[in-house]
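Position chain B against the provided structure of chain A, taking the given hints into account.
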Amino acid sequence: MNAAITRILAIARKEFIHLARDWRTLVAVLVLPAVQLLLFAYAISYDVRNVPTLIVDQDLTPASRAYIAKYEASDLYDVRGRVANIEAVRESFERGAARIAVVVPPGFARSLARGDKAQVAVLVDGSEPNSALVGSTFSRALNEGYGQRIQAQWADARGIDLERFGRIEPRIRTWYNPERRSADFLIPGLLVVIIMIVTTQQSAVTLVRERDQGTEEQMRVSPLRRTELMVGKLLPWTLLAFADMVAIVALSTAVFDVPLRGDVSFLAASILVFVFCSLGIGLIISAIAPSMESANIAALMISFLPGFMLSGFAFPLDSIPTVLQWASYLFPGRYMMAISRGVFLKGAGFAELSDQLGYLVVYAVAAITLSSVISARRQR
Amino acid sequence: MGQAATVGDAATPRERVSSAPSSDMAISVRGLTKRFGTFTAVDAIDFDVRRGEVFGFLGPNGAGKTTAIRMLTGTIAPTAGSALVLGDDVIAKPEKVKRRIGYMSQKFALFEDMTVDENLRFYAGVYDVSGAEFAARRRYILRMADLEGREDELTANLSVGWKQRLALGAATIHEPELLFLDEPTSGVDPVARRHFWDLLYDLADDGVTLFVTTHYMDEANHCHRLGFMYAGRLIAQGSPTEVRAAYAPDGATAGTLPSIEDVFVHLVTAHRDRQEDGA
Chain A
0 MNAAITRILA IARKEFIHLA RDWRTLVAVL VLPAVQLLLF AYAISYDVRN VPTLIVDQDL
60 TPASRAYIAK YEASDLYDVR GRVANIEAVR ESFERGAARI AVVVPPGFAR SLARGDKAQV
120 AVLVDGSEPN SALVGSTFSR ALNEGYGQRI QAQWADARGI DLERFGRIEP RIRTWYNPER
180 RSADFLIPGL LVVIIMIVTT QQSAVTLVRE RDQGTEEQMR VSPLRRTELM VGKLLPWTLL
240 AFADMVAIVA LSTAVFDVPL RGDVSFLAAS ILVFVFCSLG IGLIISAIAP SMESANIAAL
300 MISFLPGFML SGFAFPLDSI PTVLQWASYL FPGRYMMAIS RGVFLKGAGF AELSDQLGYL
360 VVYAVAAITL SSVISARRQR
Chain B
0 MGQAATVGDA ATPRERVSSA PSSDMAISVR GLTKRFGTFT AVDAIDFDVR RGEVFGFLGP
60 NGAGKTTAIR MLTGTIAPTA GSALVLGDDV IAKPEKVKRR IGYMSQKFAL FEDMTVDENL
120 RFYAGVYDVS GAEFAARRRY ILRMADLEGR EDELTANLSV GWKQRLALGA ATIHEPELLF
180 LDEPTSGVDP VARRHFWDLL YDLADDGVTL FVTTHYMDEA NHCHRLGFMY AGRLIAQGSP
240 TEVRAAYAPD GATAGTLPSI EDVFVHLVTA HRDRQEDGA
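If you're matching them up, the sequences are chains A and B in order.
In terms of numbering that gives the first Met the number 0, the first sequence has 239 at position 240, counting the first letter as 1, and numbering is strictly consecutive.
In terms of numbering that gives the first Met the number 0, the second sequence has 51 at position 52, counting the first letter as 1, and numbering is strictly consecutive.
If you're looking for bench data, these hints aren't it; they were derived computationally from the structure.
Some hints here could point you the wrong way.
Under the rule of at most 20 Å between Cα atoms (straight-line distance), these lysine to any residue pairs were calculated in the SDA-like manner [claimed, not checked]:
1) B/Lys106 x B/Gly30
2) B/Lys92 x A/Ala96
3) B/Lys106 x A/Ser290
4) B/Lys106 x A/His17
5) A/Lys69 x A/Leu59
6) A/Lys345 x A/Leu329
7) B/Lys106 x A/Thr205
8) B/Lys106 x A/Gly213
9) B/Lys106 x A/Met291
10) A/Lys345 x A/Val361
11) B/Lys95 x A/Thr226
12) B/Lys95 x B/Asp116
Computed footprint of chain A on chain B; a stretch qualifies when at least three of its residues, placed anywhere within it, have a C-beta under 8 Å from a C-beta of chain A [unchecked claim]:
13) 90-101
14) 108-120
15) 125-132
Glycine included, every Cβ here is placed at the ideal spot set by N, Cα and C.
In isolation and in its complexed conformation, chain B is listed as follows:
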C-alpha cells in the first residue's frame, strides 16, 4: 500500500484519481505478487507502462506472464502489491477499469458457430456499445479485418488470419485505451503476423497502449519497451536497444549488439544456473 502512494496518490477519496501523478502511466505496478498455495507465480514485480507505448512482455512458458495479465485485467486478485491501470486501482475497483481495457488471447475467444456479425454484436452487447456507436465500430472493424461482405459467414469457416483479426476487432469493439494481448500471434503464418502487427501499430498510432506477450523475438523488436519475466520475477526491462546494449560483450558496437533472442537465451540460462547453484 505504501508503494502505491509513491506511484500515484491513489488514496485520494474523490474519483479524481486520473489526475494523480501516475495518470500519464497506463500501467503502474509495485510489488505485485501472486501465490497459488506455496507456488509463487508472480514474485513482487515492479514496472510502468507509459500511455501510447507498445510494451512487450517476454518470458518462457510458465514464467508468470499470463498470471500478471490476469491481475492487471482484474480477473484475479493479487496476493500482495499494488496495480494502477489507467490511473485506477484495479484491485479495489476492477469494474471501473474493465470498461476501458481490452483483452485478446491466443484462443481468439470467438464463437465458431456464430457469424462474424453475431460475434461483434455479442461483444458489443457485453460492453454496452449500441446504436450509432456500434454501427460505426462495426464498419471500422470489418474494414480493418478485411471482412467486408463476409459479415454473415460462420466464424468456423474463416482461416486463422481472419479469425485473428476478427478477434482483435471484437476485443476493441468498445475502443479501449489499453489493450492486453496474450500471445496473439501464436499459430499464425508469417504473412498474417506481419499484417496483424500493422494493425497493432495503427492502434498504437491512435493512442492505444498495447501490452503484448509473445514468443517471437522479431515481434519483440517491434515494441517500444520490453520486460523479461523468468520464474515469476521481472529480470530485465528497457527498450530493445537498451536491453541489447546492457547484455552486450565489452567493446560491442551498434552493429555487433546481440539480438533480442540472444539476450533472452542468455538471461534465462543465467538465471536458471543461478537458481540451481543456490539449490
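Just chain A, with the same shape it has in the complex:
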C-alpha cells in the first residue's frame, strides 16, 4: 500500500515537471481560459441594444408621430432617421446601415379613430438572426402595449368599460436573469467549456507521448499498476482544473458581476467529477490515437464541438435536432452545464441537481475504466 502511494506520487511529480517545462501547455492552461473569458464576456454578446432602426411614416398624422415616438424613447432601438419608401429601406439594409424598419402606412390614424385594427409593418434584416429575433419580439410587445392603450382611449371616449370584456393582458417576467444579460448566461457555461477543452486536450496526448518515447513499455515492466499510473496522471490535472475554476469564478463574480447564488461547495464537487470525465475522455483518445497529431486533433474535435454545441452552451438543447439531442447525452458537458447554470443563476444545490451529479459520477467511472481497458488491450 505504501509502495503504491510512492508510485502514484512519483507519477504525479513527474507530470508536474513535464508541465513546468512545457511552456506551451502552461500558456494553454493558464492564458487560454482568461482570453476565452474576456472574448466571451466582452466581444461575443447576445445582448441586443440600440438596433439601428429606420422609420417610414407614410401617414404623417399626430397619431403616427405619437406611435413612432415610442421607438425613439426605447433604448432597444436607435432611430437613425426617416426615409420615404420601402426601396430606401432595402438600400439601407443592404449597406448595413439599419436592421429594422418601422413602416406606418397611410390611413393609420383613420383606422385608430374608427376603432379598427391599425396595420403597422416592421421589417427585419434576418441576416443577423439574434438581434432580428429580439428586435421583432420587442416591437411586437411594444405594439401590443401601444395598441391596448389606444384601445382603452377609444373605449373611454365611448364610455365602454373594457374590464367587462375580460381583456387579457400578458405580462412577461424573466426569472433568474431579469435583465437577460448574456454574461450571466455565458460565463457559467464558459466555465464548463474551458475546463472540458483544457483537460481533454492535455490528457489526450499524455499516453501517446509515453508510448512514443518507450516509457510506457518501461512502466509496464515495473511494479506500477495501470490504475496507479492513471491516478498519478489525473492528480496534477485535477489541481490545474481547480485553479482554472477558482480563477473563472473569481473573475466572473468580481469583474463581470455574474451572480453566484447557489451552493459553491456543490459546484466545486461537481467540477471535480467533471474533470475526471474530461480526463477520462482524453485518456480514451490517448489510448486509441496512433500519434500525437491525431490525438491532438481528436481532442480538439471532441472537446470543442460538443463542448460548444451539445452542452447547451450556445444553443438550448431542446432546440437542436433530435439526433443531436441524443448525441448530447454522450458528452459530459450537458450535465455540468445544468449544474453550473443552476448553481450560479438559480441558486440551486445538491437537492435540485443531485441527478445531474449522479450522471457525471457514472460517466467519470465509465470513461476512466474504458480508457484503462483500451490501453491495456492495445498491448496484447
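Frame of chain A, contents of chain B only:
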C-alpha cells in the same frame, strides 16, 4: 502445465518456490507460445538461462524476440506454455517477479524534458527505492554512467552514449537480479557500444543475469550462450563455440569455424527455404 512440473515444482503451494529445483535457473521456459489472432508470434519455445549468465537472443526483425521478452517480463500473457522467472511463475504472479527484474529497450525510456537526476528519482519512486538506498544507488549510477556533475542537465541535451548509460542506470536502479535488454545498442557508435558492454560485464560479474537481444554479431560473441529465433521458433541454441561448431563444414578446425554471422545467415536462409518448399 505438465511441462512446468518437469522444470520446477511450481505447484508447491507455499511461497518456497525459489527452493524448487529450477531455482538455479534465472529463466526456465517450456512450450511458451503467443498467438495474435491467427498469427503465431512465438511458437512453443523451450529454453533455460542459468543465473549469472549472459544470454544472447538473436534473430531477424519480426522473429518474435520482443514478444518473448514481453511474456517473460509479465507485460503480456502467453497463449500457452509456462515460464519461470527467478523461480516464480511469471504468468500466475507477474507482480512478484516485476520487482526483481529490470528492462531496458532501444528507446531508452527516458523523459527528455527531465534532468538526469529527475529521471533517476522517477524510476526510484516507481520501484519504491528510497532514502539511503536511493542515495547509494544514485551515486553508483552517476559514476557508472560517467554523469557525475551533470545531474541537473536535461536528458535531451545528452548525447546518445550518455543517454544509453543513463537508461541502463535507470533500469537497474532497484538492483534487479535479471536484466532484459532489447537491442540496447542499436544506433550507438562502436566506441560507446564497447563501453556499454564493459558495463554489462560489470553487472554480470556482480551476478546479474543478462538477457540481451541484438543485431550485432560481434556482440553475440560476448554472450555465454545464444538462442536463435526465426519465425517464432527457437531454431538453435548453445554457446557461441558450440553453435559455430555445429554448423561448421566437415573437417573444420578451431581456426576455421564459421563466424556467428555465417551461422546466423545459414540458419535463416535454410529455414526460409524449408518453409517455402513446404508452402
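Evaluation of the provided hints:
1. Annotation: proposed proximity of lysine 106 of chain B to glycine 30 of chain B is violated, straight-line Cα distance about 29 Å (limit 20 Å).
2. Taking the CA atoms of lysine 92 of chain B and alanine 96 of chain A, the gap is near 78 Å; set against the 20 Å cutoff, the hint is violated.
3. In summary, the hint linking lysine 106 of chain B to serine 290 of chain A is supported, as the alpha carbons are separated by about 16 Å, within the 20 Å threshold.
4. With a C-alpha separation of about 19 Å, the suggested pair lysine 106 of chain B and histidine 17 of chain A falls inside the 20 Å cut-off, and the hint holds.
5. A threshold of 20 Å between alpha carbons decides the hint, and for lysine 69 of chain A with leucine 59 of chain A the separation of about 15 Å falls inside it, so the pair holds.
6. For the suggested pair lysine 345 of chain A and leucine 329 of chain A, the alpha carbons sit about 25 Å apart, so the restraint of at most 20 Å is broken.
7. Restraint check for lysine 106 of chain B and threonine 205 of chain A: satisfied, since their Cα atoms lie roughly 17 Å apart, inside the 20 Å limit.
8. Of the supplied pair hints, the one linking lysine 106 of chain B and glycine 213 of chain A holds, its CA atoms being roughly 5 Å apart against a limit of 20 Å.
9. This hinted pair checks out: lysine 106 of chain B and methionine 291 of chain A have alpha carbons roughly 17 Å apart, not beyond 20 Å.
10. Under the criterion of a C-alpha separation no larger than 20 Å, the hint pairing lysine 345 of chain A with valine 361 of chain A is inconsistent with the structure, at around 25 Å.
11. This hinted pair checks out: lysine 95 of chain B and threonine 226 of chain A have alpha carbons roughly 18 Å apart, not beyond 20 Å.
12. In summary, the hint linking lysine 95 of chain B to aspartate 116 of chain B is not supported, as the alpha carbons are separated by about 28 Å, beyond the 20 Å threshold.
13. Counting residues of the region 90-101 of chain B whose CB lies closer than 8 Å to any CB of chain A gives 5, so the stated coverage by that chain holds, three being the minimum.
14. Counting residues of the region 108-120 of chain B whose beta carbon lies closer than 8 Å to any beta carbon of chain A gives 8, which reaches the threshold of three, so the coverage claim holds.
15. Remark: the region 125-132 of chain B is confirmed as covered by chain A, as 4 of its residues place a Cβ nearer than 8 Å to a Cβ of that chain, reaching the required three.
When the structure is compared with the earlier hints, violations turn up for hints 1, 2, 6, 10 and 12 and for no others.
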